[in-house]
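Please model the entire structure based on the sequences and the hints provided.
If you want the building blocks of each chain, they are given just below.
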Amino acid sequence: MNSLMEVCCDKCTHTPTTPCDKYIACRTEGPLCHDDASCKEKVQTRLKQVVIAPESGLKQVLICAGSGCISSGSRKVDAALEAELAKQGLADKVKITVTGCHGFCEQGPIFIVEPEGTFYCRVQPEDVPELVEKALGKGELVDRLLYKEPITGEKVRHYQDIPFYKKQQRNVLRNCGHIDPENMEEYIARDGYKGFVKALTMSPLEVIEDVKKSGLRGRGGAGFSTGQKWEFASKSPGDEKYVVCNADEGDPGAFMDRSVLEGDPHAVIEGMLVAGYAIGANNGVIYVRAEYPLAIKRLKVAIDQASACGVLGDNVLNSGFDFHLKIKAGAGAFVCGEETALMASVEGKRGMPRVRPPFPAVKGLWDKPTNINNVETYANVPAILRRGSEWYAGLGTERSKGTKVFALTGKVNNTGLAEVPMGVTLREIIFDIGGGIQNGKEFKAVQIGGPSGGCLPKEMLDLPVDYDSLIKVGAMVGSGGLVTMDETTCMVDIARFFLNFTQKESCGKCTPCREGTKRMLEILTRITKGQGKAGDIETLERLAKNIQATSLCGLGQTAPNPILTTLKYFRHEYEAHINEKRCPAGACSALLTYRIDSEKCVGCGACAKACPVNCISGELKKPYRIDASQCIKCGTCMDKCKFGAVIKG
Amino acid sequence: MSCQCAVEDGLQPDPKEIKLGEILAKYKQQKGALIPVLQETQEVYGYLPAEVLRRISFELKIPLSKVYGVVTFYAQFHLNPRGRNIVRVCLGTACHVRGGAKILETIQKELGIEDGQTSEDLRYTLESIACIGACGLAPVIMVNEDTHGRLTPDKLGKILAQYE
Amino acid sequence: MEFITLNIDGKEVQAPKGATVLEACRYNDIIIPTLCHDPELSSPGGCRLCVVEIEGMRNLPPSCVTTAGQGMVVRTNTATVREARKTVLELMVANHPLDCMVCQKMGDCSLAAYAYEYEVANQPFEGEKAQHPIDDSNHFIVRDMNKCILCGKCVRACEEIQGRSVIDFAYRGFNTEVSPALLPLGESDCVFCGSCVAVCPVGALTEKNMIGKGRPWEIRKVKTTCNFCGVGCNYDLNVKDGKVIGVTGNETSVVNGRHLCIKGRFGTDFIHSDRRITTPLIKRDGVFVEATWDEALNLVAEKLTAIKEKYGPDSIAGLSSARCTNEENYLMQKFMRAVIGTNNVDHCART
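Chains as they are written, first to last, in the numbering used here: chain A, 1 to 649; chain B, 650 to 813; chain C, 814 to 1164.
Hints should not be assumed to be uniformly reliable.
[What the hints assert, rightly or not] Ranges between beta-carbon positions, derived for each pair:
{"hint": "1", "chain 1": "B", "residue 1": "Ala674", "chain 2": "C", "residue 2": "Gly831", "range": "43 to 51 Å"}
{"hint": "2", "chain 1": "C", "residue 1": "Asn988", "chain 2": "A", "residue 2": "Ile647", "range": "40 to 48 Å"}
{"hint": "3", "chain 1": "A", "residue 1": "Lys545", "chain 2": "C", "residue 2": "Ile1084", "range": "48 to 56 Å"}
{"hint": "4", "chain 1": "A", "residue 1": "Glu575", "chain 2": "C", "residue 2": "Thr891", "range": "28 to 36 Å"}
{"hint": "5", "chain 1": "A", "residue 1": "Asp304", "chain 2": "C", "residue 2": "Asp1002", "range": "39 to 47 Å"}
{"hint": "6", "chain 1": "A", "residue 1": "Gln169", "chain 2": "C", "residue 2": "Thr891", "range": "42 to 50 Å"}
{"hint": "7", "chain 1": "B", "residue 1": "Val693", "chain 2": "C", "residue 2": "Asn988", "range": "21 to 29 Å"}
{"hint": "8", "chain 1": "B", "residue 1": "Ala810", "chain 2": "C", "residue 2": "Ile1075", "range": "56 to 64 Å"}
{"hint": "9", "chain 1": "B", "residue 1": "Pro698", "chain 2": "C", "residue 2": "Asn872", "range": "37 to 45 Å"}
{"hint": "10", "chain 1": "A", "residue 1": "Lys545", "chain 2": "C", "residue 2": "Glu932", "range": "14 to 22 Å"}
[Stated by the list, open to error] Think about it this way: if two alpha-carbon atoms lie no more than 25 Å apart in a straight line, the pair counts; the simulated DSS-like pairs of lysine-lysine are:
{"hint": "11", "chain 1": "A", "residue 1": "Lys545", "chain 2": "C", "residue 2": "Lys942"}
{"hint": "12", "chain 1": "A", "residue 1": "Lys194", "chain 2": "A", "residue 2": "Lys213"}
{"hint": "13", "chain 1": "A", "residue 1": "Lys297", "chain 2": "B", "residue 2": "Lys751"}
[To be verified] Computed far set for chain A versus chain C, every beta-carbon distance over 10 Å:
{"hint": "14", "residue": "Glu29"}
{"hint": "15", "residue": "Cys33"}
{"hint": "16", "residue": "Val142"}
{"hint": "17", "residue": "Asn183"}
{"hint": "18", "residue": "Lys194"}
{"hint": "19", "residue": "Pro357"}
{"hint": "20", "residue": "Phe359"}
{"hint": "21", "residue": "Leu463"}
{"hint": "22", "residue": "Glu515"}
{"hint": "23", "residue": "Tyr569"}
{"hint": "24", "residue": "Glu580"}
It is worth saying that the hints were derived from the structure and are not from the lab. As the structure is a prediction and not an experimental result, all values here were calculated from the model. Cβ coordinates follow ideal geometry from the N, Cα and C atoms, glycine included.
Structural data, given as structure tokens:
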């Protein structure tokens, strides 16, 4: 038996053309369709090969092949490992599993040795011979490749003990980094599709009731109750309905959906199957942004495998329920993450949102009732069915249930994905999991929820992260991006950065977003260049308020959030830029002046030589000076000076 | 009906056109085919030539203005051929002062194309940009992902020649 | 018709069931400004000028695409609503050339009218403006996309009324423009029906023949029937100083509403042409010379009689024109059958 997905013998009734309703259980506990001790033996043996048991004496290496680790060279490590294992004669003792993302991209390429769970990081091909010999051959540790805790400097051996992982509760990400996403049997061996099989034993209405009871809310932005959404689509009249998965993740600094698609694509397929069964849809579409080619590839593989064994297609698992799934690749437009724009794009049109109502549940794709959720939402569903809605509702807060994946980026030590129960504080995520701010600098603010979210100051660090608490302070969970900023980040500049993004991605359909984001960006750009004027803040506030109130879709309605929150919490920085022509964070180059401290200057002339505009003059061995009127503030002189004599301020 | 003139003339049909025909045949009966057709067509041609858009419009029975609207909406689609190598010349303040304009001028002469154009052999696309934040190395150009700094016009020939 | 009751601006009013909030307001003579809305076209809800406050709804919903509901409480004229509308107008004006003095649309421009009503300052925001070349590549329509406010009515008129889809939105965001594909309008598949011009609320689309010929307040509109064919479209002749300078649609026209074809809308230049034939011409000694109607009609009668006598009535055939009315066509066939005595009669528009 080469795969759990195959039949054990010709007595097994399951083939794609003759599906069997016990297929999934058959693969892991079976065979159930016939009684044969040798077949049972075969299944159990195979199962142990898929999930390496400690007593087997075998070892397994998990090599991350998420987009992050691939760009840091994991493909080469994989190749080197294969060659080295052969060379050292260990090929049949070690199973290599090329996995999806572990979420700790900064430490990539990641190399985990199972069953003991030793975590090696930043592994390069030249490290492989030593790893094979010691870690895999002799069972010794390769100390130099272990993870070093950035604050204490301590080496951590086990994956589970690394602070970054320790405080997490991985539910959506449970398989990411632990299974081969291109092999369906690994998903099955870890309880895959059991949630869907359970759903098939219930009525569609019971499934919807269960999802409602779990308290799951949409993970894509607005946080609408998933169960209710399904209920609307289920109640909408029509024999043709659709299930759509929004995988057009485009927020700068959010990559959880990519990780799930690349690391555990079957979880998304399973979630969609449950949704399709619940609302009575026989067709599903996954809309993936074109910038995620690896996710598209792995989804294709997963769909093919699921179709080959009757989990997708006509009469799924002999249940009488048909479900067909297609992938649509996006073509480069952030606004297509908005559900009505996404549907327009699937229909082959310009991705412009339309007015709601009618909501997609009533009139969606091809004008048929449609349920749209994002990747993370669907990936939550299998466990809700499998482990029960009470279990899920026990996680999180009163009104925000379950776990949420956050993407930690910016000036934080541990860049990566953190999945935590709803309601933990920002401080826990940024400091306990994220390891605090880089280079010992001070935390200043965090932008939560991407370009649509808000920028929160350190006074808000103890805020519980859930849908309602964040809305109250002008931010939002959004997709779950957390961009951390330190004292050197200028808040006006960060607002400008996000506005620049939304402005470029505006579809142009409604006036406030098309014209208004442009004007706000122009004003912010002027302010950061030192050309701010009295009244600019008031104009920004007025524009922001009216753009929020009158824009057609979420993109325009939330585009002013970064401005409004930075104005709310960091108004003094705007005032300093406008009134004093000063950037308190020292980030806006147009507002900086460079001068030379005559006490410290030894007159070496290195700065003058380096100056691209020749505005530094002086005599050798005497203090030099900078002609501020000619200076372009490039900072080259400061980098060149070995004596710390160039001062920026 | 696709164009048959090449066949009638006894000429070899263009392999790209054959490929386009296959793409259109594959998608013709499907709803929402326009974007995947454009994506696959761009893979064949490297960009979306006007006559190709006309054929797609005709065969999918979608007005040309709508095809054009979709092509110009999405960042992925290009109406003009792109070079294999994208040359970006920095014209930020520091580069300007240190002769960025001269660099651009030299590259234009060297490649025989203006700012924003692509060479006929599709080897290069030339673009000027505001600032790439490498002022200490001014004047700077970027070719694809590589940054080349402290340039003088005489160094350019050798740098550009590295990129096939 | 079923009615619902709702509260608009503090008053209990009735509106037909299924009407939008905008329609409910207009039904009760409450004025709501609109730019992208047109009763004859679909509603995209894009310009956001018609926003109102509705109790229980988030933000300011656009009235043109919000269905009025029983018991709904709507406010159309609060400070919040007025400020939002003013901001929308300011944003449009900020990206609009302010050459109103020489704009053909002056006096008939919706943007200018609303800007006046909402007291939009001359230069609300500094910044980049659209820079599009003016397209006057054809004989009929001048397209100045710098003046376009992207309401999209022209796009919908072309698609939904004319069924051509020659123009559509291109590019996106601040760079969005309405454009024919790849080529200027003159080289596109446009049939120059001018429906786009008829619905344009600003000076972005103008009839080329009318540019510089007169201002709206100088023009007298004379409703008449188009004489190009038998359809019977009505339109307004635009007359200044006793001269027809062009044609505009008249929405009270029963047959055609505002819509016309290229001939009706643009084919009036013959009226004052110095090459127009105004008297009958008779060929004498190989040259056409002017004649009176009596001379001409007598000549025709003589010749027809002579032919009929010599070769019989069936040697004569009559072909009538689509430019004649039904009555004229009836007379023509009657004449052929009763006077000439033949059934050889046909019509150019027979299918």
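The hints, checked one at a time:
no., hint, verdict
1, B:Ala674 x C:Gly831: 43 to 51 Å, "holds, 44 Å"
2, C:Asn988 x A:Ile647: 40 to 48 Å, "holds, 43 Å"
3, A:Lys545 x C:Ile1084: 48 to 56 Å, "holds, 55 Å"
4, A:Glu575 x C:Thr891: 28 to 36 Å, "holds, 31 Å"
5, A:Asp304 x C:Asp1002: 39 to 47 Å, "holds, 43 Å"
6, A:Gln169 x C:Thr891: 42 to 50 Å, "holds, 48 Å"
7, B:Val693 x C:Asn988: 21 to 29 Å, "holds, 27 Å"
8, B:Ala810 x C:Ile1075: 56 to 64 Å, "holds, 57 Å"
9, B:Pro698 x C:Asn872: 37 to 45 Å, "holds, 44 Å"
10, A:Lys545 x C:Glu932: 14 to 22 Å, "holds, 19 Å"
11, A:Lys545 x C:Lys942, "holds, 23 Å"
12, A:Lys194 x A:Lys213, "holds, 19 Å"
13, A:Lys297 x B:Lys751, "violated, 45 Å"
14, Glu29, "holds, 50 Å"
15, Cys33, "holds, 54 Å"
16, Val142, "holds, 52 Å"
17, Asn183, "holds, 40 Å"
18, Lys194, "holds, 40 Å"
19, Pro357, "violated, 8 Å"
20, Phe359, "holds, 13 Å"
21, Leu463, "holds, 23 Å"
22, Glu515, "violated, 4 Å"
23, Tyr569, "holds, 23 Å"
24, Glu580, "holds, 22 Å"
The structure fails hints 13, 19, 22 (numbered hints given earlier, in ascending order).
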